[in-house]
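For reference, the chains in residue letters:
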Amino acid sequence: MKIVIIDYGAGNIQSIMFAIKRLGYKAILSHDAEEIQGADKIIFPGVGEASSAMEKLKDTGLDKVIPTLEQPVLGICLGMQLMCNSSEEGNTTGLGIFDLDVVRFSNKVKVPQIGWNQISDLKSDLFTNVPEKSYIYLVHSFYAPIGKETIATSEYDVTYSAALRKNNFYGVQFHPEKSSDVGSGILQNFLNL
Amino acid sequence: MLTKRIIPCLDIKNGRTVKGINFVDLRDAGDPVELAEIYAKEGADELVFLDISATEEKRKTLAELVYHVAETINIPFTVGGGISSVEDVDVLLKNGADKVSINSSAVKRPELINELVAKFGSQCIVVAIDAKQIEGQWKVHLVGGKVPTEIDLFEWAKEVEERGAGEILFTSMDHDGTKNGFANKALAKLSELVNIPVIASGGAGTIAHFSDTFKDGKADAALAASVFHFKEIEINTLKEELKREGIPVRI
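Line by line, the protein sequences are chains A and B.
66 is the number of the first residue of the first sequence in the working numbering; add one for each residue after it.
141 is the number of the first residue of the second sequence in the working numbering; add one for each residue after it.
Fair warning: there could be bad hints in the mix.
DMTMM-like mimics (lysine to aspartate or glutamate), calculated; alpha carbons at most 20 Å apart, straight line [as the list claims (entries may be wrong)]:
no.	chain 1	residue 1	chain 2	residue 2
1	B	259	A	120
2	A	86	B	228
3	B	200	B	228
4	A	173	B	301
5	A	67	A	97
6	A	121	B	230
7	B	325	B	314
Rather than coming from a laboratory, the hints here were simulated on the basis of the structure.
Between the sequences and the hints, there should be enough to build the whole structure, so can you do that?
Written as C-alpha cells, this is what we have:
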C-alpha cells in the first residue's frame, strides 16, 4: 500500500510518520502532485495557523490537486479545517470539500482546548471497533460546527464535529497519531478503507 | 468532556534520565524512552522532558532523544530546558516533539514568545514560569528558580497569554520538593486571570493533592516527578481515585 503524507511545510509530520510505522506500514512525504495522485491512501496533516497554511497550499498548487483526489484522504486537525468552506482564523477561504465554516471557541472556555476529550455519535468505517465516548487527544482553538458531513461529535463550549466525511474525504479534528491505542485503531481503520 | 491531565516529568541529562528513579521493572533505569513507554501504558496523559544538561552536544543529544521518544510513544510530549531560539524549537518539533516549553529565555526576551507563536502556532508553545513568594508577593524566578526577578507572577502570566502562548506551566518554588501539596491559591488566581490552560507543578505528595489542585487550584493539568518515579503514586490508581471524586479523567 502506498501511503503519502502531503508535505506543504505545515505541522508535526514526524509523529504521523511514526504512528504509521508502528502499524507496520511506511509512509512517504511528498508535495508532488503526481506522487500524491498515485497513492492508495493520503494523509493531509496540519498544525499552525489557517491562512498561512492555505497560502503554502496555493504556492505549491496543492489547493487545486486535493479536492480532485479520488482515493481515501484523511485530513488531521488543521488539515480537516482547511477542507471546509472557510475558517474564521485569518479569514481563510478553504478547499470547500466539507460544507462547513470553521469558527473560534468562545471565551467562556479556555482557548485552545488542549487535552483528552471524548468522541460520540460515531458513524463511518473510520470508527470500526471504536467504542462510543472513547478518549482522543486534541489541541485547537477553532472548530467545525455540526453538519450533514459530521461522523463524530465532541463537546467543548458547544457540540462540534470531531470528524467529517464526504465520499472519499475524511477529516478528524483530533490527533489520531497522539491518541494512544484508540488513535492507532482509527488510523488502522483509515488504512483499511 | 475535556479531562484533567496527569503529566509525569522526566529530568534528562546527556540523554539519560537523572539518577534516583526507582523502577524495579525497568531494564535500564536511565533510559528515558523506556520510562516514557511505561508511563504511557500506565495512563499518563502527556509527558514532559526537561533537559538539564549543559554540554555543547546538548542540542544534538536532545534531538536524538526526542526522535526516539516520538518513534515509541503514542501520547503527546513536551520538551523544555535551555530553549532560546526559533532554530532550537524547529529542530525539536521536526524530530517529533508536540510542544516545547520555554522559561528563562522568554523572561529575558519576551518577543521570543511572539516569534515562536508566529512560526509554529500557539498550540505548541508552553511558557513555564517558576515563582516564589517574597514578602507575600509572587515573584518570577530564573535559572530553575535560583535567580529572583522583580517580575510579578500574575502580570507576567497575563503578558505571556497576550503574546500568544498556548499554555502556562506554573511551578511554585515554595512548594516544589515539599510534597505538601500544590500552590492552589496562586493557581486558582492564575487560572481565573488567563484564558489558556494552566498546568500545576510543585508539591505533589499524595493523591489528595492532585484532587485539591483540580478542585481548589482550578488547574487544567497537574505535573509531578518524584511521586511517580518512586512509585509512591501509581497513575492508574490516581486516576481511579480522581474519577471517584467526580473529576473528569481519561481511564
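Against the structure, the hints:
1. B:259 - A:120: 14 Å, holds
2. A:86 - B:228: Roughly 26 Å separates the two Cα atoms, so the pair is violated.
3. B:200 - B:228: 10 Å, holds
4. A:173 - B:301: 16 Å, holds
5. A:67 - A:97: Holds: residue 67 of chain A and residue 97 of chain A sit about 14 Å apart, inside 20 Å.
6. A:121 - B:230: 18 Å, holds
7. B:325 - B:314: Roughly 13 Å between the alpha carbons, so the hint for residue 325 of chain B and residue 314 of chain B holds.
Against the hints set out earlier in the document, a violation occurs for number 2 only.
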